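A.B. asks: Next come the chains, spelled out residue by residue.
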Amino acid sequence: MQPSVNLLDIWYSLTFSYSYNASIVCLALIFQGLISGIIGGLLLHRRKALLTDTLSHATLPGVGIGFLISLFFMDGAREEWVILGGALFTVVLALGVMRLLERWMRQDAALSLTLSGFYGGGVVLLSYIQTIPSGTKAGLEYFLLGQSATINLAETTLISSGALVVFVAYFALYKEWKLLCFDQKYAAALGYNINLLDLLLTILACITIAVGIRSMGLILIMGIITIPALTASLLVKNWSAFILTSALIGAISAHIGVSISAGLDDVPSGSAIILFGMLFYFTALIWRTLHDRYGNLWARHETRQDN
Amino acid sequence: MKYLLECKNLSVDYGLHKALGPLSVKLPKNSKIAMLGPNGAGKSTLLKALTGVTSYKGSLIKNYSSFSYTEQRQEVDWDFPVTCHGVAEMGLYAKVGWFRPLNKQHKKMAYDALAKLGIEDLADRPISQLSVGQQQRVFLARSIVNEEAELFLFDEPLAGVDLKTSEVIYKLFDDLISKGKSIVCVHHNLYDAADYFDHGILINHHLIAQGDLTKVLSKKNLESAYGAGIAVPQFKKRNKVTKVASAA
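Chains as they are written, first to last, in the working numbering: chain A, 1 to 307; chain B, 1001 to 1248.
So that you can see chain A by itself, here it is in the shape it has in the complex:
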């Protein structure tokens, strides 16, 4: 039996010399890693990391709805933007439902109720789709675990446009994000509209998730959003460096993960990316533990002053 590991494919993917299309896909996923790192950093310090999980699971019914729309109203051509548009629609809907539920219950209860409700709905819808005789439904399961190898150019355009929106919003409101995440009360006293900034942050998170589910899978996308940010928070203690590190770790994990997935048949890209992210995290954790116990390992540094 042939081994399914192809080291040459992994190397080609890592060096962008596989094929033009594969390189474009790889680049789009690096963008995905970058924006996931940025949004993850913001969400982590805004204490909204769990929101990602609920929102990503809420994309499932949207994927089904988008598929059905393209099947019945668009002559069965599987249009990627319709499916992603459907995902974005149900994510925003879930956000609205959650805001409404929070009036009667605690936030964590609202999160879990929304997650299970939307995910359950999505599973029912997808089971129904499996019964429709149609040749184009293949590939819908990629939205669960992520499969980068089959991403087409239309999808890379969607990922890149989403990334552009997040980049622009992050850099334009650089100091506002920092203030919102550090000190909401002070920001309100300075006259900033906290609800507006929070809404904007959540919309950016929705965009990051909607464009990312195709490559990461909706179950694991929470990982690429939270793990780089957690890793960066162990390594650096300065805001701009923190976000930059988080973005870079996201991008590097995505690059390596996609390449591994290209060489190993049947390994979903999402899982490979998450495993590399976890590897970075535990390396950083060991470094931080040693650093805290034995002082700075590279240079002498002032220690904490207690008085």
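It is possible that some hints are incorrect.
[Claimed, not checked] Derived DEER-like restraints, expressed as beta-carbon distance ranges:
no., chain 1, residue 1, chain 2, residue 2, range
1, B, Lys1107, A, Leu285, 52 to 62 Å
2, B, Pro1022, A, His291, 50 to 60 Å
3, A, Ser240, B, Asp1121, 20 to 30 Å
4, A, Trp104, B, Pro1022, 50 to 60 Å
5, B, Lys1018, A, Ala109, 25 to 35 Å
Worth flagging that the hints you see were computed from the coordinates, not collected in a lab. Bear in mind the structure is a predicted one, so any value in this text is a computation, not a measurement. C-beta atoms are modelled at their ideal positions from N, C-alpha and C, and glycine is treated no differently.
Fit chain B to the given chain A structure using the hints.
C.D. replies: Same frame as chain A, but now just chain B:
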């Protein structure tokens, strides 16, 4: 005489819970005002109403153009990845406005504010490595960095800080007063209030007493604010405390 601030029947409700008022009070300009009262008396709520974070009923006449607000130290996550300089410059964000980045002059203003509190050497240090006193000084640097503010609102800046830091804060108050600014500060320690402040308001939802601190903190006033049996503070003059500080 024109007042800094005039409240008439000011009240704040959180749902069915009445957090403050009705309160009517007039505050003088250019003085160090201590806001005293038991827990849950509505001191922080009054500060929130003044900053516009909370909505209120009644009238509030403000005779100042802008204010600066410093909340309690415990309100933020001190593990947040930011340097002391990064916190100090936040005081300028509203002045700079949406979308715009800070320029070199702003960065220098933040550095000068840290220097005023004697922590310029900590400018590049992450806030996670600060002591309690240093944390409080970073917060105060943030509040004074915008020099256009006319009123300075502080929420318990003296809670839990050491003698050295309290000296720095005392000097900072004097400095602000000499520039014609006004200070309103929530304070909990009745025994040293007269050392730091020249005017006091004692509240417990309503105004109980106002004016010179030695008169405000009488047995009758304190009992109506805190309940019977409270020890009335004996007032020492400030210079005694200063001597202890210099001896230490």
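A.B. asks: Sort out which numbered hints this structure fails and list those numbers smallest first.
C.D. replies: Numbers 1, 4, in rising order.
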